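Start from the sequences and build out the full structure, keeping to the hints where you can.
In order, the protein sequence lines correspond to chains D and R. The first sequence begins at 1 in the numbering used here and counts up one residue at a time. The second sequence begins at 1001 in the numbering used here and counts up one residue at a time.
None of these hints come from the bench; they were simulated from the model. Be aware that a few hints might be false.
Residues on chain R that point at chain D, a partial pick, calculated with CB under 8 Å [claimed, not checked]:
| hint | residue |
| --- | --- |
| 1 | Thr1030 |
| 2 | Arg1130 |
| 3 | Tyr1150 |
| 4 | Val1253 |
| 5 | Asn1516 |
| 6 | Leu1517 |
| 7 | Met1525 |
| 8 | Ser1534 |
| 9 | Tyr1536 |
| 10 | Asp1551 |
| 11 | Ala1556 |
In silico DSS-like pairs for lysine-lysine, Cα to Cα no more than 25 Å straight-line [to be verified]:
| hint | chain 1 | residue 1 | chain 2 | residue 2 |
| --- | --- | --- | --- | --- |
| 12 | D | Lys26 | R | Lys1174 |
| 13 | D | Lys26 | R | Lys1026 |
| 14 | D | Lys50 | D | Lys174 |
Given the structure is predicted, the values throughout are model-derived calculations rather than measurements. Just so you know, even glycine gets a beta-carbon here, dropped at the ideal spot from N, CA and C.
There are 2 protein chains.
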Amino acid sequence: MATHSPNPALEALVAAHAGTLADAIKAVETRNSWSPFADSPSTKIHGAEKPVAGKAAFEARLGRRFDLQQPGIVDWVGAETSPFTRQPLGITYPRSAPDALVAAAQGAMATWRHVDPEARIALCLEMARRLYDRNFEMAHAVMHVAGQSYVQAFSGSGPNALDRGIEALAYAAKAMRDVTPRVQWRRPFGRDDVRLEKRYTLVPRGIGLVICCASFPTWNAYPAIFANLATGNAAIVKPHPIAILPMAIVVDVARQVLAEYGQNPDLVTLAVDTPDAPVAQAFIDDPAVQIIDFTGSPRYGAVLERTIVGKLLFTETAGLNSVVVESTDDATATVRAIARSASLFSAQMCTSPQTIFIPAGGVRTPAGPMGAMDFARAVAAEIDAIADDPATAAGIMGAIQGEVSIKVIETLRQTLPQQPGVSILRDARPYAHPDHPDARTMTALVAVVPAALSHIYAEEQFAPVLFIVETADADEAVGLATSLAKEKGTISAYLYSTDEAFVERSVDAYAAAGANLSINLHGAMWINFAAAYSDYHVTGLNPAGNACLADLAFVASRFRIVQRRWPAAVA
Amino acid sequence: MATHSPNPALEALVAAHAGTLADAIKAVETRNSWSPFADSPSTKIHGAEKPVAGKAAFEARLGRRFDLQQPGIVDWVGAETSPFTRQPLGITYPRSAPDALVAAAQGAMATWRHVDPEARIALCLEMARRLYDRNFEMAHAVMHVAGQSYVQAFSGSGPNALDRGIEALAYAAKAMRDVTPRVQWRRPFGRDDVRLEKRYTLVPRGIGLVICCASFPTWNAYPAIFANLATGNAAIVKPHPIAILPMAIVVDVARQVLAEYGQNPDLVTLAVDTPDAPVAQAFIDDPAVQIIDFTGSPRYGAVLERTIVGKLLFTETAGLNSVVVESTDDATATVRAIARSASLFSAQMCTSPQTIFIPAGGVRTPAGPMGAMDFARAVAAEIDAIADDPATAAGIMGAIQGEVSIKVIETLRQTLPQQPGVSILRDARPYAHPDHPDARTMTALVAVVPAALSHIYAEEQFAPVLFIVETADADEAVGLATSLAKEKGTISAYLYSTDEAFVERSVDAYAAAGANLSINLHGAMWINFAAAYSDYHVTGLNPAGNACLADLAFVASRFRIVQRRWPAAVA
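Okay, here's the thing in structure tokens:
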């Protein structure tokens, strides 16, 4: 890559972020724990003013237009409702004509692709830094569209998500730096000593469309947006129509940074739509759009996977996350770890466990075998303990984003009792949110379901629910868990066993099913926590998505290489 | 990656090839000239015996079954005809049931994916070494199915092609080594000091189908086969039904090497078919087949690009390669370079130039401007000089592989004279091959075509033909050349100009069109020569294909990463 930029401010920016980029590259290569950010909202870290200012910035947005000054504005739309207040946010966003956004992106790319890749990466790192700076505002935005708790919105949708974006930048840097910009090549052909100058130019693939999910919008959007920008492409960000605000803030910050450094802000635009008039397909069909990153429902993801041809498609949808409990040296800790992870964000995460397999002989514990019914009771009690403490429940469970999840629970409450052999150990019920009395909350339903009723436990239920299923033995449990992973997709699988031989003979089945596996996790870290730079997220080997956050494959095809060569001047 | 293999022979093989792999990685990173092979068939290099033995080995194949001892054999087919002798080779090959090949490949992959990636790469390097050892046999095989001259078959389908394969291995090594096999990760969560052991496992994507072209089968097959094997996948090789023998030799060697080192030979099998009963789709439709590498016609390539979803598809087809001649300091050398490259293998190469754009004011030369008609006459004379010297013609042009190319020429000979403004400067005609009087030969037709008749010069003609087209000026020529590249695809573009400002303002249009550009090439190296490790082949930015030989993108998605993690034992 060229080491000089025509823009001194850009050069300074590259220098300012060089250390962060080097550390990020080291982190993805070693997989050690690292982050340039603090993921706690504690005032000890951030001071007393920032939380207040962030909340005020969020509140100042309510009931107004969110002006992005982007091209082709047709009208203003927006109908977000807070899961905490059940009140409309009242914010409207510019809806632009797809043609106008594509034309603007193309125009911007004509210059952008000539900007030194190192400068493009530095601009993305600057966007990340500013987004971190505005993370208290972002936390409130995510809370009030997605329903995440304040703490989770701050960390999971803030630093943890920004880290995923920087991780993608690290891979983009690695992949682009791998292409030497030039060589003087020399080879004899017969009596001729041929010397050629060769230049290798990185050329962006084409406009990237980033389709964001409703429940955790920033986490996948940052990697996609940054990977596209770093490799010379533009990014058109299409938020879910019920979760626009966080992405509007992202687009706003990105456009500000671009403009400030003399770049065309139309490299990043917002493609707002409404549930009645979805707009994604218009972009997908446009020949100038060459890259689609999608996060969302398995149903729509599968449609995209079946219909998009001749373009790059990166998907993360969801799957069925299972837990196999063969044995444990601390049943209380195991039960707590599972119950807490199933309570986190009311199981609205792509890593939330749903189905727990218990061998018929019971889970081996120091106190003797623990059968499926006992295990289910213990899980139910642990969820009760969270639900009955409103402050704890609020911090862990947050709110339910969509009525759809409430309907899933209602249906289960009606149908499950009619199924032979099903025992409901814990009914789903709201908890009382201490700050938001109108919050749409729901705590998990816990049921023991016979292994024969796979139509119940072997389908992803996008709602707080835990099924406990008894299997003949632990090997059958692993067989079921891994075959479900292969068929239905999975993002995180969990296994508890103190039997090394059992673990040893099980892990390969998980690998073959493309299931990332957490074994015997207890304690303070959520078992479904995925750390950027260290934990690969989604394997691409089962229906839960084809893209991994992040690896070389996530970035290597977003740019192409064009060369030219000519006779070298002989000295 | 694990550094130990259970197999001492494999360990020794890894050590034996480590230097070659390290040199290949250095070569792709620096883009310097390098090869572990000699690409001349000279007896000074290889001795007197090997050429004789290679020819004898080829001849011993004729009229017999080529037994690969692969599973699921249904019958024996094969109807190859030598373009040099016009006689059938009489070789038949085992036709296996697709299901049987897929099942065998799946079975073999179950073990193969656990073999140390370094050992998998070493096995591929060993295959390459043995194929180089048998390259005289291969040269005759390629000659008598594809029509390449002996010298070209030896070099272009031998070492030059093997180098492309080793280049893919270098990238596979880089991409896989980029994934650390393990880390002990440590991060505080609240008061907990969490330490996790993490393991990262490379998991192959799925069976690779390698669809080979008829005219240059080994060149793209080696990279695809080796990239698949290195990343833990199996390769099912589907040769073109008129060019089976070279791929049968490749599969034979691969199976021998695998078996010799205790691996399942069914990792590489041959999927022979006939023109009447094509078999590729059966493999494409099989869920176990996850990777398709295709080299062949733009028509079939486009069908694959439009219809294959949810699988990895790498294509190289063809396009329209143009020459723009603005000015030259040596008109004779320029004319010769173009005429020779258009004569090489009778223009049956994906890098052969077809359409030459000349500004209306003429090409600026030291002797004054040279108009399109003069330029065309000079090119025609240069082709005459080759065609009239049978030994030279035989070495350069070889034979015409398919009757289809003869028909293209016949059609052009009939239709061109009826087009207004077309001047045929040189009629296409056979040359007399000195060794093979029955050889199907054809020397290039050279015609000046008005710029308005784009339906003639702007379509790829898979036959020896050169169109010279006059444009208003050189900038218009570049505009036409690059817009055709974008629309129709191109693999190699050529530009001649002594005007640095003109070159400077032209190169970006070529880059944007995804056209690899050779500027002012004269002399002993064929201007359409593409050197492995240095020249990227196909950009993926225009319809000539989506895959580049070779870059990280060619390998990075052929494997996926699965992780597991568990609490680290605290010391």
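**Message:** Please list, smallest to largest, the hint numbers that this structure does not respect.
**Reply:** Violated: hints 2, 3, 4, 14.
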